[in-house]
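The residues making up each chain are set out below.
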Amino acid sequence: MMIGVFSESAERIVENLSKAREIAGSLNQKVAVITFNDDGKKYIEYGADKVIVVNNENLKRIDAMIYSSVLYELCKKYKIDILIVSSTREGKETASRLSAKMDVGCSLECTDVFVEDGRICVTRVVLGGNAVAKEKFIEGKGVIGVAPRTFKAKKFEGRTGDVIEESVKLPESPVNIVKEEEKETETVSLDASEIIVSCGRGLKNKDDLSMIKDLADAVHGEIGCSRPIAADLKWLPKERWIGLSGVKVKPRIYITCGISGQIQHLAGMRDSDIIIAINKDKEAPIFKAADYGIIGDMYKIIPEITKTLKK
Amino acid sequence: MSMVNICVLAKQTVDVSQVKIDDDTNEPILRGVERKISDFDKNAAEEAIKIKEKLGGQVIVYSLGSEDAKDKVREILAMGADEAVVISDDKFKNLDYRCLVKVLAKALKKKGLPDIIICGEASIDMYSGQVGPRLGEELGIPHIAYAIKLDATNDSVNVVREVGNSEVTYTCKYPVLITVTKEINEPRLPTLMQIIGASSKKIEIWSSADIDVVDDDYTPKVVMEEVKGVVIKRKNVMIEEEDPSAAVQKLMEHLKKDGILLGGDR
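First to last, the sequence lines map onto chains E and H.
Start counting the first sequence at 1; every next residue gets the next number (the numbering used here).
Start counting the second sequence at 1001; every next residue gets the next number (the numbering used here).
Worth flagging that the hints you see were computed from the coordinates, not collected in a lab.
Incorrect hints may appear among the rest.
[Claimed, not checked] Taking lysine-lysine pairs in the DSS-like style, the calculated list, with each CA pair at most 27 Å apart, reads:
1. E/K307 <-> H/K1235
2. H/K1257 <-> E/K300
3. H/K1235 <-> E/K282
4. H/K1106 <-> H/K1202
5. H/K1111 <-> E/K101
Every value quoted in this text rests on a predicted model; they were computed, and no experiment measured them.
The following block holds chain E by itself, in its conformation from the complex:
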């Protein structure tokens, strides 16, 4: 039996590999990495005993039905009973279909994975961000989706392992692509940002984003927002929407401007090291979730902070 790690991203693989190594230790099992169109050797020093590589053009685009089919075959062949994947949208779809094929339990959006009494346990955030659930996998089998950047990659000295190239017959996908249109937004990955300045409903006009941008520049940070700005008003692309259904961030400093602090937004930024909130409503829930709060008009406070920093 093996603990498996899979993701379409090498960064996520090495993060989850360190956790897989820990679990494998507790359960006396070995660790296998499954990866597509990749150089497998690099995963050995990060903890893999075995790296299974499938090189295939048709795996370059993520298709949950095709991916789950390939993973199913490989997990069966290599007796991987527990597979850890990245809980991105595509990762979750793949994990869901795979776990149905394997007929095993599956938990997604997990914030921790550990072994208790010889059984795999996970924690995940539920009830709109209000609570954390602890779940136990009764059998020694399952598919676990871990939120990106939950664990830290670890390098190990003097490790050896095998890299095996496998070829798997891919099924036909019944879903076909008709059209693909790139949107005119820049690619931004807020989940890696160290400093974020985030705006919410307090922002009155789209043009006022320049005020937010000035502050973001002054603190050398990125711009983020809550749901209304991205999803409803579309003043910012969804990559900048931080929340339960949006991006989850863990910056060193998170500054909120005119964000009330709904639980769904908090769920996206609660792991920030330092939270500074600016809101004119002293009852806004954001203040309970902040280290430092300024009760005041953001249109006066923000330019003042920018001015002070530029001195």
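Place chain H on chain E using the hints.
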């Protein structure tokens, strides 16, 4: 007009914005909290009803959970769905996702697989996103998740979703399962006439006896051991000054004292 048969999955959940944490046990208080149909499922229902209005056909709502869900499910009938099935049984009290999907699959097959199954991208209370794609696999049908736009024809569907920096349009022939995001539409508010009309629409209540379930279908492999409130531990330093520059000054002093550098040279 041809007929497209559509099923909508609707989950009754607590209104998560009303959930409080018990100070003593640190557990969420769910008793007495207002129930509602999970937001994304309302988007799913709206989309289903739009397809019916365009192409003709039938929309059946399925809800697995407690029997009292029928009150909230009736709201979806008022929106325009034709009939509903509420699946409720003591045996189904502690289902994990694997069991949930097995039970739902058997229930949906009972009236014959529809052309389209539509559900929310995830439920607002548990936010896993597993049910849709897993049910697709269990039923042996394809799925397209996170739809922001949906265009149905008599035998196939075009679905737009965001993938990275792009908007990708997919096409798939029936049968297909689609999960939708909140952005796909604005669920309609039924008129008074529609609400009155809904009271005569059929809601069936099914127990395990009505579906072909076996023990394995409702024996969970993942058990929820505990749910605890999220503890927010923050400094809560509050600054309120008449003069904005005084407020900012105070903030900078606090940050400096606590060793936090904001800005500076790069």
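Right, here's what the structure says about each hint:
no.: 1; hint: E/K307 <-> H/K1235; verdict: holds (25 Å)
no.: 2; hint: H/K1257 <-> E/K300; verdict: holds (24 Å)
no.: 3; hint: H/K1235 <-> E/K282; verdict: holds (16 Å)
no.: 4; hint: H/K1106 <-> H/K1202; verdict: holds (20 Å)
no.: 5; hint: H/K1111 <-> E/K101; verdict: holds (24 Å)
Figure legend: structure checked against the earlier numbered hints; every hint is met.
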